[in-house]
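**Q** One-letter residues, chain by chain:
There are 2 protein chains.
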Amino acid sequence: MEEITIKDIARICGVGVSTVSRAINNHPDINPETKEMIMRVIKENNYVPNNSARNLKRQDAKAIAVLVKGINNSFFSQMIKVLEEEIKEKSYAMVLQHVDYDEDEVEVALKLVKEKRLRGIIFLGGYLVHSEEKLAQLHVPFILSTTGMLPKGFSRNTYSSVAVDDTKESYKMVDYLCKNGHKDIAILCARKTDASIGKLRLEGYKKALKDNGIEVREELILPMRSDLEDYSLENGYMVTKEFLEKQIPCTAIFAISDMLAIGAGKALSDAGYKVPEDISLAGFDGVEIGKYVIPSLTTLKQPVDSMARETARILFDIIGKKAKHQHCVFDGELVVRDSTMPRT
Amino acid sequence: MEEITIKDIARICGVGVSTVSRAINNHPDINPETKEMIMRVIKENNYVPNNSARNLKRQDAKAIAVLVKGINNSFFSQMIKVLEEEIKEKSYAMVLQHVDYDEDEVEVALKLVKEKRLRGIIFLGGYLVHSEEKLAQLHVPFILSTTGMLPKGFSRNTYSSVAVDDTKESYKMVDYLCKNGHKDIAILCARKTDASIGKLRLEGYKKALKDNGIEVREELILPMRSDLEDYSLENGYMVTKEFLEKQIPCTAIFAISDMLAIGAGKALSDAGYKVPEDISLAGFDGVEIGKYVIPSLTTLKQPVDSMARETARILFDIIGKKAKHQHCVFDGELVVRDSTMPRT
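Same order as they appear, the protein sequences are chains C and S. Quick note: the first sequence uses full-length UniProt numbering, first residue 1, plus one each step. Quick note: the second sequence uses full-length UniProt numbering, first residue 1, plus one each step.
Don't read these hints as lab results, they were simulated from the structure. Hints should not be assumed to be uniformly reliable.
Treat identical chains as interchangeable: a pair holds within one or across any two.
Unchecked claim - Once the Cα atoms are required to be at most 30 Å apart in a straight line, the calculated DSBU-like pairs of lysine-lysine come out as:
hint, residue 1, residue 2
1, Lys-301, Lys-81
2, Lys-210, Lys-199
3, Lys-192, Lys-43
4, Lys-7, Lys-183
5, Lys-134, Lys-7
6, Lys-324, Lys-207
7, Lys-246, Lys-62
8, Lys-207, Lys-90
9, Lys-172, Lys-81
10, Lys-274, Lys-301
11, Lys-199, Lys-35
12, Lys-199, Lys-43
13, Lys-43, Lys-7
14, Lys-7, Lys-322
15, Lys-81, Lys-241
16, Lys-172, Lys-199
17, Lys-168, Lys-206
18, Lys-274, Lys-179
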């Protein structure tokens, strides 16, 4: 079968070659119906546009690895979606690898960098506890995105990072609850061994309570269960269920992720509590589904799209030697919806 | 720095080499505290176990591509998580690529196969409308997982597939609603142009109505909006909102995905309808969050873990020349929760 050219497509459609080109390249300046017709003819004739061939060449043998702790989290799903668009845009392949909670992400990365094609690594979530020497073995640039900070003393010139200030944003939420008259605020948080965002968000909680003249009480600090998946709906559900059985007075629950909060909301409902009339409920992250649960979830929204895009931009700038390592801190946004109300 | 060996670790820990090996390989026959101590010493000394080196070698230069239509869907997130575990287990890299609704997945795949490392392709979701000749250009084995069938006349010896029988499972749900006294059942479904699972699920709906002596009415067939993301929460919300404004009598809504159903539930709540007292609501897929929304969602659960594992198993069998192409149909399960009730 002879190869079909763009001229053949133009001829069949009765339009000019430049119109076909506009259709292929998603150019805005084309009638949608004409575009649809052209795309249909292209499909029917198995025409492979030239730029595919071009991309194909550029794409050869280059990849970015994305190492994720907790792929099941909606927040990361959205990050990954945007990262993938950006990586594809640069004609790189994205190698996605999930890292278990107890698995060492630098070990995983060290295996991946043996691949000659790998040009950079994005660590998503989790936290790194490794020595500078060990990280130096990675040989390719890496960026920590929404990841806990490296230990103190670590040179900030050897890696990039993109995150919100977890302590500050968590403070913002708890301060909002305090200012609305809540005093008995439970926090659904990370395990005590956590040295990552979980620790930072707990610090923000404690600081906000203190600044509002409220004592920090251990009985209101509810760490996730270690036998269940971290940050999962089930973990939020089970921890809240067990907490409610203890009948400790409490007017608000702040969960350090929206998924935990949605799990907590179900436990509250099952135990006969009304949100927000009996207990206010707040999350963190700003995942899309928070708008659709009933009642809709008050949350601290991370600008996930901007953060993912910035992550990719910084990494590609470094790969292209256009920039040095950078540390970018984004502002979160307190989004008040129906799951919280003032305590009178 | 001289390289640390397993013997050094054993010496520092005061245990035998075999104990260190058991710790590293997650062998059950080891005291948890000893294991923790060993793993800490390993970390502190930056010891890289030999089996990492072994994996590293095996891992070199082999990859499986996963092409996904709709990465934001919780159902696919779970599929991808399991696929990735299975692919990693075989020491392959997983290259994940999202394909837009209007993008041609075979084009994307054709670019990827130019990569010499690629050994197989998993198409997740969507549907293929291509000629056998074109698919033959892929050169590596591929499998359609939860993807609409290929056009008739296509030889089933050239590809594998894993899916539920979408028509049959959709029938099951609608038949359940009919048997519970519902007659005015709306379906939140795919656009008319859809030739994929959306079409099959709509067929199941129509067949179930007919078999229960209920007329199919166009006004109760609610296609997703083309200007919003397919199968998204927002699409479910908007289509339901617009439907409710028309005040067409209806006692149940069946959405062909759980995400659409959750969006629909919010629209119902915002419009003052109670689920299930005023209108019953059912979804399809069985995503985890369906258990946690309020009220919990009745759904048709696909066995996502088994389907993902089977997808990987078949593909690797074909790559290893242990088997020919296979077509595996899984049974779904009707899961009745709180969002539906009988109509008396």
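**Q** State the violated hints by number, sorted upward, taking the hints as numbered earlier in the document.
**A** 4, 6, 7, 8 and 14
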